[in-house]
Amino acid sequence: MLRFLLTRIGLVIPTFFGITFLSFILIRLVPGDPIEVRVGERGIAPARLAQLRHEMGLDQPLWKQFFDYIAQVLHGDLGVSVVTQKSVLTEFLTLFPATLELSIAAILFAVILGLPFGILAALKRGSWVDHTVMGVSLSGFSMPIFWWGLLLILLFSVTLGWTPVSGRISAMYYIEPTTGFLLIDSLFFSDDSGAFGSVVRYMILPTIVLGTVPLAVIARMTRSAMLEVLGEDYIRTARAKGLSAYRVIFIHALRNALIPVVTVIGLQVGTLMGGAILTETIFSWPGIGKWLVESINRRDYPALQGGVLLIASLVILVNFLVDVLYGTLNPRIRHGR
Amino acid sequence: MKHTVLGSALALALMAAVSPVAAKTLVYCSEGSPENFNPQVNTTGTSFDASRPVYSHLVQFEPGTTKVVPDLAESWDVSEDGLSYTFHLRKGVKWHSSKTYKPTREFTADDVLFSFNRMWKTDNPFHGVSGGAYDYFNDMSMPDLLASIDKVDDHTVKITLKSPEAPFIANLAMDFAVIQSDEYAQSLLKAGKPELLDQEPIGTGPFTFVNYQKDAQIRYKANPDYYAGKAKIDNLVFAITPDAAVRYAKLKAGECQIMPYPAPADLEAMLKDPALTVMQQPGLNVGYLAFNTQKKPFDDVRVRQALSMAIDKKAIVDAVYQGAGTPAKNPLPPTIWGYNDSIEDYKFDPAAAKKLLADAGYPDGFSTDLWAMPVQRPYNPNAQRVAELMQSDLAKVGVKAEIKSFEWGEYRKRAQAGEHQMAQLGWTGDNGDPDNFLYVLLSCNSAREGGQNIAKWCNKDFTDLLEKAKKISNQDERAKLYEQAQVIFHKDAPWFPIAHSVVYMPMLKGVTGYKVSPLGSHDFYGVDIAE
Numbered sequence: 001m002l003r004f005l006l007t008r009i010g011l012v013i014p015t016f017f018g019i020t021f022l023s024f025i026l027i028r029l030v031p032g033d034p035i036e037v038r039v040g041e042r043g044i045a046p047a048r049l050a051q052l053r054h055e056m057g058l059d060q061p062l063w064k065q066f067f068d069y070i071a072q073v074l075h076g077d078l079g080v081s082v083v084t085q086k087s088v089l090t091e092f093l094t095l096f097p098a099t100l101e102l103s104i105a106a107i108l109f110a111v112i113l114g115l116p117f118g119i120l121a122a123l124k125r126g127s128w129v130d131h132t133v134m135g136v137s138l139s140g141f142s143m144p145i146f147w148w149g150l151l152l153i154l155l156f157s158v159t160l161g162w163t164p165v166s167g168r169i170s171a172m173y174y175i176e177p178t179t180g181f182l183l184i185d186s187l188f189f190s191d192d193s194g195a196f197g198s199v200v201r202y203m204i205l206p207t208i209v210l211g212t213v214p215l216a217v218i219a220r221m222t223r224s225a226m227l228e229v230l231g232e233d234y235i236r237t238a239r240a241k242g243l244s245a246y247r248v249i250f251i252h253a254l255r256n257a258l259i260p261v262v263t264v265i266g267l268q269v270g271t272l273m274g275g276a277i278l279t280e281t282i283f284s285w286p287g288i289g290k291w292l293v294e295s296i297n298r299r300d301y302p303a304l305q306g307g308v309l310l311i312a313s314l315v316i317l318v319n320f321l322v323d324v325l326y327g328t329l330n331p332r333i334r335h336g337r
Numbered sequence: 001m002k003h004t005v006l007g008s009a010l011a012l013a014l015m016a017a018v019s020p021v022a023a024k025t026l027v028y029c030s031e032g033s034p035e036n037f038n039p040q041v042n043t044t045g046t047s048f049d050a051s052r053p054v055y056s057h058l059v060q061f062e063p064g065t066t067k068v069v070p071d072l073a074e075s076w077d078v079s080e081d082g083l084s085y086t087f088h089l090r091k092g093v094k095w096h097s098s099k100t101y102k103p104t105r106e107f108t109a110d111d112v113l114f115s116f117n118r119m120w121k122t123d124n125p126f127h128g129v130s131g132g133a134y135d136y137f138n139d140m141s142m143p144d145l146l147a148s149i150d151k152v153d154d155h156t157v158k159i160t161l162k163s164p165e166a167p168f169i170a171n172l173a174m175d176f177a178v179i180q181s182d183e184y185a186q187s188l189l190k191a192g193k194p195e196l197l198d199q200e201p202i203g204t205g206p207f208t209f210v211n212y213q214k215d216a217q218i219r220y221k222a223n224p225d226y227y228a229g230k231a232k233i234d235n236l237v238f239a240i241t242p243d244a245a246v247r248y249a250k251l252k253a254g255e256c257q258i259m260p261y262p263a264p265a266d267l268e269a270m271l272k273d274p275a276l277t278v279m280q281q282p283g284l285n286v287g288y289l290a291f292n293t294q295k296k297p298f299d300d301v302r303v304r305q306a307l308s309m310a311i312d313k314k315a316i317v318d319a320v321y322q323g324a325g326t327p328a329k330n331p332l333p334p335t336i337w338g339y340n341d342s343i344e345d346y347k348f349d350p351a352a353a354k355k356l357l358a359d360a361g362y363p364d365g366f367s368t369d370l371w372a373m374p375v376q377r378p379y380n381p382n383a384q385r386v387a388e389l390m391q392s393d394l395a396k397v398g399v400k401a402e403i404k405s406f407e408w409g410e411y412r413k414r415a416q417a418g419e420h421q422m423a424q425l426g427w428t429g430d431n432g433d434p435d436n437f438l439y440v441l442l443s444c445n446s447a448r449e450g451g452q453n454i455a456k457w458c459n460k461d462f463t464d465l466l467e468k469a470k471k472i473s474n475q476d477e478r479a480k481l482y483e484q485a486q487v488i489f490h491k492d493a494p495w496f497p498i499a500h501s502v503v504y505m506p507m508l509k510g511v512t513g514y515k516v517s518p519l520g521s522h523d524f525y526g527v528d529i530a531e
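Protein chains in written order, with the working numbering: chain A, 1 to 337; chain B, 1 to 531.
Treat the hints as calculated values from the structure; they're not laboratory data. Don't be surprised by glycine CBs; every beta carbon is placed ideally from N, CA and C. Wrong hints could be hidden among the right ones.
One side only, chain B facing chain A, incomplete, derived with CB under 8 Å [said to hold, decoys possible]:
#: 1; residue: S130
#: 2; residue: Q217
#: 3; residue: I240
#: 4; residue: T241
#: 5; residue: D243
#: 6; residue: A249
#: 7; residue: K250
#: 8; residue: A253
#: 9; residue: W408
#: 10; residue: G409
#: 11; residue: G426
Pairs of lysine-lysine residues, derived as PhoX-like cross-links and limited to a Cα-Cα distance of at most 25 Å, are as follows [as the list claims (entries may be wrong)]:
#: 12; chain 1: B; residue 1: K404; chain 2: B; residue 2: K295
#: 13; chain 1: A; residue 1: K86; chain 2: B; residue 2: K190
#: 14; chain 1: B; residue 1: K94; chain 2: B; residue 2: K221
#: 15; chain 1: A; residue 1: K86; chain 2: B; residue 2: K214
#: 16; chain 1: B; residue 1: K400; chain 2: B; residue 2: K314
#: 17; chain 1: B; residue 1: K99; chain 2: A; residue 2: K86
#: 18; chain 1: B; residue 1: K295; chain 2: B; residue 2: K396
#: 19; chain 1: B; residue 1: K193; chain 2: A; residue 2: K86
#: 20; chain 1: B; residue 1: K491; chain 2: B; residue 2: K354
#: 21; chain 1: B; residue 1: K515; chain 2: B; residue 2: K221
#: 22; chain 1: B; residue 1: K491; chain 2: B; residue 2: K329
#: 23; chain 1: B; residue 1: K121; chain 2: A; residue 2: K86
#: 24; chain 1: B; residue 1: K295; chain 2: B; residue 2: K400
#: 25; chain 1: B; residue 1: K158; chain 2: B; residue 2: K94
#: 26; chain 1: B; residue 1: K94; chain 2: B; residue 2: K190
Bound-form chain A, shown alone (with noise of 0.2 Å):
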């Protein structure tokens, strides 16, 4: 199990080292540095642009930059933000939770309903019941997120006025942030009774839109999985015991199916990610998704360097944690080799 773990965490040390530096790069390959697109058509003095970017360091060989970059991320200093002039870092957790709490609800919202379904799929294989899930989950996979958004949002809430429009929480409240978790903080240290409800309301979705390609990817991998599984001899042979068909799917197949699926959830933080960008700009939704797009924009080479490693950590951190457990559940991948 050491051995296992030790070449994991070996395998992430170049990883973090190539992420920064096509982070660092590719940045800097988009034309136009912070200073040239705060400018605009006014235009700056060449004396002053030169004093500017001699400041921020811009003046440096790109090489050089690079190394004193990583030097700096070494000692745990992931820089200040040119916009704002704040800690990369303290921008980051501001905001994090936020998109924290919209993707666990949406990564909940797609294993409460994918599983079931992809498990109704394999068991009603050639049903209509299949070809409905499957077709839906077809459509989910393939649905372009802005879109499904803002359709959602015309038909939900303009229209039919049930659910809000965007934001986290109707601007009739304000909650001083405890934990950054809105869910927490208005249900635990706000004295407004109606707060909780208006963030369970503003909650529904952005949590939906964002849900719905992880929900068809959880579908349709536990439905293959499951047939899969229901083939092999050990099911038949469980049949053959007399076992009832609840133990069977449940117990003797389920298990063995979801091997597969946790790694396909584990893939989904990559997803959800890179999702909560477009759901967190169409919902208005205070979170890093939104920041980094401003941060491109703007050419806030810290922010979206420190930003991108952050994220990247915690993709691997969950794949690395997937990449164990899956060696918990299967002691074939441990032990393997």
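Given the structure of chain A, go ahead and fit chain B onto it with the hints provided.
Structure of chain B alone, referenced to chain A:
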């Protein structure tokens, strides 16, 4: 179950009985997060809008106009030579207080000195705080203009200039010339947190800052001690909503009462919506096509005039601006004083254009480049499309135009270096003074390589008129000079002015007292909402 319903009904009734009058809250669906709350150091309209409720200036623009009127300075005198300005400050103006700060004194001359010295003097302890780039202060040439700022007494400040500059007074109404509290700054410095000056603002404006959650909302409440009287609304909330379609949906659902920057595609539906009032006004901007007058064939005025007649301006404005633009005939927008409305624009007349080209020695036309910005700008929603329409019009008089574009920063740099033959660009005004358009964009001084005058047009008579107007402080006299200058501009045709974009401001029917600012700012003092 029944008990709970009854219980909550009772609680509601109690709550209603306790609060005498429901507080009036205006929710504004703003378009983005501010960088901070100090307009000295930030540069975007979004940030200016977020700071403006909190602060006052020495002078201000009268709401809905570009006229400069008193704010914290009740009156001011300008010396004969136009060099010194004496400001008589308002007495009894109270500073806001917050959870962490209680002011011990009212607004005085010290606050004015502190506010300007922070931007001006590199040895000011606050100079380097929050990045220390005072873009607007520098761009408006303040360091070149200012000779001294002196406190005469607690309520009198004298500013001396190095040379007479009439537009200077309008600079003081711009957002960057904000007045901050010296006492608050010193207390933060002592506490070792100078950066809070720019994040938890204390001002003398109509609203006090309550709190800000990045990308979510900014909250203000009415300042009961505001010198011009408490605002009609009690609370002001900026609900940060970056997507225009979502802002419109929020407005329709009643989650906000007023929004800026509607998507052009939504305008038609908005104008028809009985629940909405849509205010509109031409913006303080101009989009234009500049002819490089130092390059052949555009050094010949006949060629410039011919091309001005060869392009169908109305068709471009209709097709590209889709109602959000009005054709331009002058370099100045019509909302600015000094606009010469008697100028008659070149008529669209391809036959006459062809004849004029023949006179100039180009009976078969010629080949040229035609530059188009790669990005959407406030004064031009789609420069590429404009260029395509121009290209087809020009082809009809034998001019073969090749459309070129570069990355936006590169585009400006190359255009300002004069590498083009014809290039589109535009301008948004800063201080509502005609000088801020004409001198910046068309004077000989800015025709130098790297200057803003991308027509590289240097007309001595035109520039002389502008120089003269800078030295006079009487606005009517200045207006006459600018009107003459526009006549020269029209005859010499260094630009083909395209359009001024129109600013739309949709709001719910119950909102009253809103004034669309020609300067593009969004102000909420004086706004009321029906119960």
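Structure-based check of all given hints:
1. Given hint, S130 (chain B) at the interface with chain A, holds; its Cβ is 5 Å from that chain's nearest Cβ, closer than 8 Å.
2. A hinted interface residue such as Q217 (chain B) counts as satisfied when its beta carbon comes closer than 8 Å to some beta carbon of chain A; here the least separation is about 7 Å, so the hint holds.
3. Taken as an interface hint, I240 (chain B) checks out: its beta carbon lies about 6 Å from the nearest beta carbon of chain A, inside 8 Å.
4. A hinted interface residue such as T241 (chain B) counts as satisfied when its beta carbon comes closer than 8 Å to some beta carbon of chain A; here the least separation is about 4 Å, so the hint holds.
5. Satisfaction of the interface hint for D243 (chain B) is found here, the shortest Cβ-Cβ separation to chain A being roughly 6 Å, below the 8 Å cut-off.
6. For A249 (chain B), the interface hint holds, since its Cβ comes within 8 Å of a Cβ in chain A; the closest pair sits about 5 Å apart.
7. Contact between K250 (chain B) and chain A, as hinted, is supported at the beta carbon level, the nearest pair being about 4 Å apart and thus within 8 Å.
8. Hint on A253 (chain B) holds. Least Cβ distance to chain A is approximately 5 Å, under the 8 Å limit.
9. Given hint, W408 (chain B) at the interface with chain A, holds; its Cβ is 6 Å from that chain's nearest Cβ, closer than 8 Å.
10. Satisfaction of the interface hint for G409 (chain B) is found here, the shortest Cβ-Cβ separation to chain A being roughly 4 Å, below the 8 Å cut-off.
11. The criterion of a C-beta within 8 Å of any C-beta in chain A is met by G426 (chain B), whose closest approach is roughly 7 Å, and the hint holds.
12. Restraint check for K404 (chain B) and K295 (chain B): satisfied, since their Cα atoms lie roughly 17 Å apart, inside the 25 Å limit.
13. For the given pair, K86 (chain A) sits about 20 Å from K190 (chain B) by alpha-carbon distance, which is consistent with the 25 Å threshold.
14. Taken as a hint, the K94 (chain B) and K221 (chain B) pair is honoured in the structure, with Cα atoms around 15 Å apart against an allowance of 25 Å.
15. Distance restraint check for K86 (chain A) and K214 (chain B): the Cα-Cα separation of roughly 12 Å lies within the 25 Å cut-off, and the hinted pair is therefore satisfied.
16. Using a Cα cut-off of 25 Å, the hinted pair K400 (chain B) and K314 (chain B) holds, with the two alpha carbons roughly 21 Å apart.
17. Restraint check for K99 (chain B) and K86 (chain A): satisfied, since their Cα atoms lie roughly 22 Å apart, inside the 25 Å limit.
18. For the given pair, K295 (chain B) sits about 22 Å from K396 (chain B) by alpha-carbon distance, which is consistent with the 25 Å threshold.
19. Proposed proximity of K193 (chain B) and K86 (chain A) is supported: the alpha carbons are some 13 Å apart, at most 25 Å.
20. At roughly 18 Å between alpha-carbon atoms, K491 (chain B) and K354 (chain B) fall within 25 Å of each other, so this suggested pair holds.
21. Between the alpha carbons of K515 (chain B) and K221 (chain B) the distance comes to roughly 20 Å, so the proposed pair stays at or under 25 Å and holds.
22. Among the hinted pairs, K491 (chain B) with K329 (chain B) is consistent with the structure: their alpha-carbon atoms are about 12 Å apart, no more than 25 Å.
23. The suggested pairing of K121 (chain B) with K86 (chain A) holds, with an alpha-carbon distance near 24 Å, which does not exceed 25 Å.
24. Restraint check for K295 (chain B) and K400 (chain B): the C-alpha separation of about 16 Å stays at or below 25 Å, so the hint holds.
25. Of the pairs offered as hints, the one joining K158 (chain B) and K94 (chain B) holds, with about 22 Å between alpha carbons and a cut-off of 25 Å not exceeded.
26. Between K94 (chain B) and K190 (chain B) the alpha-carbon distance is near 22 Å, which keeps this suggested pair within the 25 Å criterion.
In this structure, none of the earlier numbered hints is contradicted; all agree with it.
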